[in-house]
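Produce the entire structure from the sequences given, and follow the hints as far as they go.
Number of protein chains: 2
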Amino acid sequence: MPFTYSFDHKHRRPPMERKDLLGGKGANLAEMTSVLGLPVPPGFTITTDACRAYLVGGWPGGLDSEVTRQVRKLERAMGKRLGDPSDPLLVSVRSGAKFSMPGMMDTVLNLGLNDESVKGLAVQTSDERFAYDSYRRFVSMYGRIVLGLDGKLFDESFEEAKERSGVDSDADVGADVLRELAETYKAVVAGATGQPFPQDPADQLRGAIEAVFRSWNGARAVAYRVRERIPHDLGTAVNVQAMVFGNRDGKSGTGVGFTRDPATGAQGEYGDFLVNAQGEDVVAGIRNTLPLSALRDRFPKIFSELMGIFARLEEHYRDMCDTEFTIEQGKLWMLQTRVGKRTGRAALRMAVDMTKQRGWKITREEAVARVTAEHLDQVLHPQFAEKPSTLLAKGLAASPGAAVGKAYFDASDAAAAAERGEAVILVTTETSPEDVHGMIASQGILTSRGGLVSHAAVVARGWGKPAVVGAESVRISGTSFTVNGTTVREGDVISIDGGGGEVALGEVALTLADPPEEFAVLLGWADRIRKGKLAVRANADNGADAANARQFGAEGIGLCRTEHMFLAEDRLPIVRRMILASTADDERDALEELRVAQKADFLAILEAMDGLPVTVRLLDPPLHEFLPSTEELELEDATTGLSEEERKLLSAAKEWKESNPMLGTRGVRLGVMKPGLYQMQVRALMQAAVERVEAGGKPRVEVMIPLTVTRQELGLARGWVADTVAEVLAGVPKRTARKLEVLIGTMIETPRAAVRADEIAEEADFFSFGTNDLTQMTFGFSRDDVEGRLMNAYLELGLLQRNPFETIDKAGVGELVATAVERGRATRANIKLGICGEHGGDPESIAFFYDAGLDYVSCSPYRVPIARLAAAQAVVARS
Amino acid sequence: MPFTYSFDHKHRRPPMERKDLLGGKGANLAEMTSVLGLPVPPGFTITTDACRAYLVGGWPGGLDSEVTRQVRKLERAMGKRLGDPSDPLLVSVRSGAKFSMPGMMDTVLNLGLNDESVKGLAVQTSDERFAYDSYRRFVSMYGRIVLGLDGKLFDESFEEAKERSGVDSDADVGADVLRELAETYKAVVAGATGQPFPQDPADQLRGAIEAVFRSWNGARAVAYRVRERIPHDLGTAVNVQAMVFGNRDGKSGTGVGFTRDPATGAQGEYGDFLVNAQGEDVVAGIRNTLPLSALRDRFPKIFSELMGIFARLEEHYRDMCDTEFTIEQGKLWMLQTRVGKRTGRAALRMAVDMTKQRGWKITREEAVARVTAEHLDQVLHPQFAEKPSTLLAKGLAASPGAAVGKAYFDASDAAAAAERGEAVILVTTETSPEDVHGMIASQGILTSRGGLVSHAAVVARGWGKPAVVGAESVRISGTSFTVNGTTVREGDVISIDGGGGEVALGEVALTLADPPEEFAVLLGWADRIRKGKLAVRANADNGADAANARQFGAEGIGLCRTEHMFLAEDRLPIVRRMILASTADDERDALEELRVAQKADFLAILEAMDGLPVTVRLLDPPLHEFLPSTEELELEDATTGLSEEERKLLSAAKEWKESNPMLGTRGVRLGVMKPGLYQMQVRALMQAAVERVEAGGKPRVEVMIPLTVTRQELGLARGWVADTVAEVLAGVPKRTARKLEVLIGTMIETPRAAVRADEIAEEADFFSFGTNDLTQMTFGFSRDDVEGRLMNAYLELGLLQRNPFETIDKAGVGELVATAVERGRATRANIKLGICGEHGGDPESIAFFYDAGLDYVSCSPYRVPIARLAAAQAVVARS
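Heads up: the sequence lines are chains A and B, in that order.
Note that our numbering has the first sequence beginning at 1, numbered continuously upward.
Note that our numbering has the second sequence beginning at 1, numbered continuously upward.
Rather than coming from a laboratory, the hints here were simulated on the basis of the structure.
Warning: the hint list may mix true and false statements.
Same chains, same label: a pair holds when it works inside one copy or across any pair of copies.
To be verified - With a straight-line Cα cutoff of 20 Å, these simulated DMTMM-like cross-link-like pairs (lysine to aspartate or glutamate) come out:
id : residue 1 : residue 2
1  : 810       : 759
2  : 361       : 322
3  : 394       : 374
4  : 341       : 314
5  : 251       : 281
6  : 654       : 632
7  : 331       : 272
8  : 654       : 472
9  : 674       : 472
10 : 119       : 75
Written as structure tokens, this is what we have:
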């Protein structure tokens with residue numbers, strides 16, 4: 001395989017399909033040149049293969065001769081030679097990876113200039129000022145970008161020169177001063193590097209190419225890839241292209257243009273241009289640009305040529321394109337194109353519009369495939385409208401949406417301030433069930449500890465409330481917090497963006513959460529595509545959340561966590577009484593009180609989800625979660641002393657305390673230790689279901705046993721459930737009982753359950769994969785412990801490609817899921833299979849689950865639209 | 001398949017091989033009758049199939065008619081009829097499961113007697129007293145065993161009758177009184193059950209058979225099976241046999257006999273007999289028995305017949321047999337035989353003797369296969385010589401061996417007392433590294449908390465010191481403990497048996513740890529059998545343990561845990577300094593101090609294991625294990641206040657504290673967080689190895705990375721190790737460096753590592769399965785949390801067949817191991833595979849690992865002989 005391809009190389013497959021090899025920019029340049037025949041300055045691409053080879057073993061053998069051959073070809077095409085003292089060819093060198101990566105090397109322009117060729121350029125252009133300005137720009141660019149020097153070194157010299165020659169504007173600096181500046185810049189390079197500035201254009205070119213290769217592993221590029229989940233082993237391509245100049249004269253110019261509006265999706269050209277300028281001037285924003293439409297008057301022929309190109313690009317790419325172009329002395333050159341980035345609003349509008357385009361159109365499947373989860377997040381939640389000026393801290397992006405409010409450090413203070421009409425952000429180390437009233441009252445939540453499954457994160461996601469958690473640099477002390485020297489006091493305004501994990505000082509302007517009309521159209525298409533293939537349910541624990549989820553399109557509840565009912569302020573004392581009970585009677589009494597409360601909860605949920613399946617998970621968390629902490633009580637004991645009641649609580653808390661609660665007495669193990677508990681829950685659920693039937697409803701109940709590891713365990717628990725169901729139904733009229741069919745199933749959330757799914761399926765009507773716990777146990781990663789501290793290091797070092805708690809680890813956890821699917825179906829062909837871990841709302845994971853053969857995914861209510869879209873995309877991808 | 005087989009049924013396979021179906025007792029009776037033609041009273045066996053069918057669906061259809069047919073056949077053989085008022089047939093009914101189970105139903109004798117047939121018996125035997133004594137015994141036995149009545153009801157009536165008739169001895173109670181007593185007993189039964197005592201022998205028989213079936217699920221039987229690891233789904237057989245009477249006259253008698261001495265293994269008959277008595281009298285010990293040899297004088301013909309039978313039995317069973325026999329009026333009847341239980345000493349002697357037997361002999365493979373782990377434990381460790389009279393508590397059997405000493409509740413007090421020459425048992429809630437001096441000074445250790453991998457358990461096993469841990473009923477308070485109302489104070493003598501987990505009050509007599517000469521012979525044979533097939537290494541962390549392990553026959557170290565070196569009293573402050581270090585310099589200084597200490601440790605280990613491989617695991621436990629507890633420091637802070645140093649420790653302890661340390665920042669993750677740590681350890685190890693080579697030694701170093709989850713992770717760590725090895729070797733003479741080949745490998749202890757062993761093998765020269773952690777993560781079981789509380793309930797309820805921490809869970813964890821072996825070898829055919837979890841010392845697990853294809857097992861030093869034996873047995877079983 002060659003290491004280089006000229007833009008006009010006749011590829012066997014469309015260049016667009018070779019982005020792995022050519023990078024995005026190179027592929028698009030080749031597409032425009034070799035397929036569309038558009039006016040593109042000639043050039044060539046050095047492949048990502050060459051980059052990967054370089055990163056492993058240094059400069060690849062044979063690359064030099066290939067580059068030389070390509071340069072010769074380019075020289076022939078342009079009729080100029082690189083470094084020619086009379087009429088030099090100049091080239092640009094640009095990095096271009098498969099995915100666009102702002103963290104990497106920028107462009108080097110005007111490469112090929114040296115002390116001799118600059119004179120030729122001056123003669124050829126009859127513009128000495130232009131030639132020396134180009135030269136000094138090249139030296140400083142090369143110094144900064146290729147040699148890694150501080151840009152200030154050059155800027156200072158330039159300012160000094162302006163001062164010395166008594167001019168204010170850059171444009172007024174004359175040719176002589178610019179010639180001197182070129183000399184000064186070269187001296188700066190020599191001084192800083194100990195080497196003279198390279199005069200041989202071949203050396204310059206090799207230096208620039210190597211710099212691009214190296215930039216792949218630069219700190220910013222690596223961090224960008226981690227953030228954007230781009231694999232570290234792709235490498236980048238390098239594009240070497242003949243220079244054209246938009247700054248030659250009044251018949252020259254440069255611009256950027258979109259084939260339609262990337263902000264709104266409105267049809268018609270959109271963009272900016274500048275007369276007599278180079279591309280960087282447009283981007284830099286130094287001069288005021290003109291709207292693209294102004295080109296119509298100024299350069300009518302060029303404008304109509306450009307509009308023709310826009311139409312061809314849209315038709316060819318079947319999408320909105322983003323372009324860069326230059327006009328050199330009346331001739332239009334296309335420098336770059338790509339399918340353009342767009343806002344969520346625009347993405348929805350374009351996708352729907354393009355299905356009805358004249359001349360060419362996309363299918364509804366394509367439309368659905370083009371909208372991303374991020375697009376939907378943008379229209380569903382407020383966001384920072386601009387980059388905040390004072391970013392205080394970064395934390396984990398726990399619940400999307402942005403919020404502005406006054407910082408309060410205590411739940412009750414926050415609630416009181418909200419009562420007074422203030423917008424409030426609750427700032428606290430971590431939250432617990434006792435803080436819920438303050439969390440409800442707040443616009444957003446910021447915690448300094450905890451991971452993506454901490455109390456704050458889970459509760460906020462359930463409510464669709466913005467939250468940033470685990471912002472470790474935030475040091476809270478009393479009613480203020482300090483972060484990197486800045487102190488924020490109670491009442492100070494801060495802004496948070498829970499979609500990006502950002503915390504900013506002061507009020508940041510927010511975009512509105514405002515789904516356009518195309519939102520419903522597109523999701524309707526998505527639903528038709530995935531119908532009967534992959535259902536979407538929601539995780540919801542109460543009637544309000546269930547109703548909300550249904551509104552977002554959930555087709556049932558995949559996970560109703562009953563422990564959240566236990567943690568409510570009015571329930572906790574009863575739960576504690578049950579745990580402390582010294583006699584069977586006391587325990588039964590407490591359970592009976594809980595039954596009454598749970599029944600009301602279930603009633604509300606079944607009503608909200610009438611006609612749709614509701615999977616209720618029996619109690620899962622370790623009992624000590626319902627008890628106060630031993631540390632606090634012991635401290636109190638040693639200082640102010642404990643009441644009799646507190647002493648009992650301390651003793652129970654000690655008894656139930658565990659070294660590794662994640663692997664302790666929880667799930668079905670609780671049922672084994674406290675046999676009345678699960679029966680009580682099933683009784684409450686069935687009584688609620690009976691009441692719903694009698695009120696004319698259609699409840700569909702699925703009872704789920706958590707944390708199973710053996711068939712025998714599930715058999716025992718299934719017996720409890722079945723007996724209690726039978727007992728409740730025995731006491732109601734036959735026609736009511738007939739309407740209630742109850743499924744009994746289990747979570748598959750331990751590796752053992754996955755491996756032994758064949759046996760476990762003998763006792764299960766359905767499996768629901770608990771991929772959070774399955775991931776924790778398969779990796780031996782406690783989320784609470786490793787997510788803040790270790791995960792970033794692991795991602796940055798490339799020890800993990802992805803955070804396995806965000807996107808399912810296909811090779812490890814995924815294999816266990818696939819094994820369980822296969823074995824479960826081998827035992828029971830019609831077993832119902834779903835997933836209710838956090839991965840149920842992650843598009844890439846959803847695609848995996850569809851491929852693995854699951855029947856449904858379940859996620860938090862606000863994530864349901866995204867899951868509906870991702871499910872449809874998974875179906876499209878496989879069809 | 002029929003539900004019944006007569007003893008003389010001609011089975012196609014030897015009955016001995018049908019124990020599953022016939023039970024042990026039934027199979028042996030059939031073997032003696034149908035194969036050996038010995039004089040056995042006729043009878044039949046009801047199969048375990050019938051029992052299983054009964055337990056699932058009640059009395060099996062067709063069983064009644066089969067039993068009737070068998071009874072008819074028995075009646076024909078004996079020329080008597082069941083219930084015949086003139087000459088009745090009497091039968092015994094006995095349970096007999098595949099494995100001997102003392103927890104189950106005993107024997108019912110004399111079944112078939114009723115108000116009429118008792119008269120016939122009296123006439124036929126001309127012994128009215130005998131007949132009515134038999135009847136009243138039958139009624140009370142049936143009442144107790146079949147009907148479940150309290151035996152006291154009958155005993156009281158008997159005492160009253162003796163008093164009324166003014167006799168002292170049972171033998172003096174006359175026939176009239178016995179007849180009356182039979183009436184009284186029947187009235188007792190009627191009163192307690194509301195039903196008259198069954199008179200129809202068919203009803204009696206069916207009642208007895210059902211009682212045997214039911215007894216399979218009796219509480220004692222279930223508990224026994226849990227303890228002895230017998231599956232719950234086997235069921236029991238029932239044996240119905242014609243009665244013969246050893247208590248008819250002076251020419252009658254009964255006895256138990258062994259074909260050689262079960263205590264010492266000495267050749268020649270051994271046993272007891274009684275003239276004119278029934279079997280139960282021998283066992284009950286009411287009358288003084290005669291030694292079996294006395295039979296020679298008393299019944300010379302019978303004696304010589306019996307000796308002939310003994311010889312035939314030994315030749316046939318090729319083993320020592322245990323028999324019961326009865327002489328009825330001069331005729332010898334064999335009632336039962338089985339391969340006899342024996343002590344460890346006897347087992348070793350017999351196994352070796354029988355390879356040299358005249359006439360018949362066993363092979364060395366058979367000899368090796370016959371000695372069990374328990375046998376070796378008996379000769380390797382002291383044991384309770386008898387059942388203790390006051391058993392205080394049961395805990396977990398953490399480290400085998402028994403000890404007697406005065407209870408001390410504090411490590412320093414224990415050490416001081418030992419200094420004064422007292423034998424000491426350290427009693428404490430749990431131990432920590434700070435208690436080590438007291439543990440060393442003690443004869444044994446008793447803790448009230450912690451599981452089989454708690455600090456106390458691991459350390460004690462390493463030293464071969466008796467330990468009972470997690471004795472939850474022991475409530476320690478200051479310098480005393482209370483258990484079920486008994487209080488033991490400091491200085492009181494207690495005894496513990498760490499092989500059985502027993503704690504007794506006072507001094508219990510102990511057997512000696514005293515391996516006979518056959519021990520070395522047999523293990524030598526075992527070694528030859530397993531040579532080149534399955535090696536045995538030891539887990540040892542210091543020179544003394546390594547030397548000890550080598551003496552026990554270890555062929556290397558499979559796991560050297562470096563954290564134990566960190567926990568030593570003089571090291572801990574340095575470790576803490578490293579953790580607290582605020583600058584890179586401070587950290588480097590602390591690491592340097594640790595390097596010096598570790599090098600000395602490694603030197604001692606490599607010297608002790610010279611020429612054998614030593615696998616050193618780099619630091620594994622979470623850092624907070626080296627810090628004081630936050631609870632204690634916070635308490636101190638709130639009360640007496642903290643020093644500056646302590647305040648720093650508290651802050652570090654808080655920083656490193658984890659919710660689930662088992663799944664937290666440990667293993668290779670530590671290496672990622674503290675990059676200098678692993679390099680320091682490897683440097684120390686390699687410097688020690690260099691020193692050994694220079695001293696003429698032959699160190700064989702294997703470096704092991706713990707807790708790997710991805711290939712990338714291991715690749716990174718392998719790089720650190722390889723670089724450090726290269727760096728050390730670069731500084732020594734070439735001929736020294738050439739002698740040092742270092743293997744680099746990893747633990748496979750997370751489910752992910754097992755599943756992705758193919759990738760991980762790319763970076764690993766060897767795998768060592770950490771089956772402790774693998775079991776914890778596969779099940780989601782934290783040993784510390786579930787082993788005390790939950791495991792017993794799970795075993796008793798049959799939710800688990802075995803404690804997966806003792807014997808590997810073949811279906812779940814085992815499948816992951818097998819997957820990893822297959823995938824690891826697919827990548828690297830010659831990868832070395834071992835296991836260093838606790839399962840490495842468990843015979844059944846060792847057999848699994850051999851079948852799975854591992855190259856070695858590694859276990860604690862004192863367990864090495866057992867592992868050598870078990871490894872050989874695994875080889876024999878597969879060959």
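Comparing the hints with the structure gives:
no.: 1; hint: 810 with 759; verdict: between (24 Å within a copy, 14 Å between copies)
no.: 2; hint: 361 with 322; verdict: within (19 Å within a copy, 92 Å between copies)
no.: 3; hint: 394 with 374; verdict: within (19 Å within a copy, 60 Å between copies)
no.: 4; hint: 341 with 314; verdict: within (14 Å within a copy, 89 Å between copies)
no.: 5; hint: 251 with 281; verdict: within (17 Å within a copy, 125 Å between copies)
no.: 6; hint: 654 with 632; verdict: both (12 Å within a copy, 15 Å between copies)
no.: 7; hint: 331 with 272; verdict: within (18 Å within a copy, 120 Å between copies)
no.: 8; hint: 654 with 472; verdict: between (29 Å within a copy, 14 Å between copies)
no.: 9; hint: 674 with 472; verdict: between (38 Å within a copy, 19 Å between copies)
no.: 10; hint: 119 with 75; verdict: within (19 Å within a copy, 130 Å between copies)
Hint violations for this structure: none, all hints satisfied.
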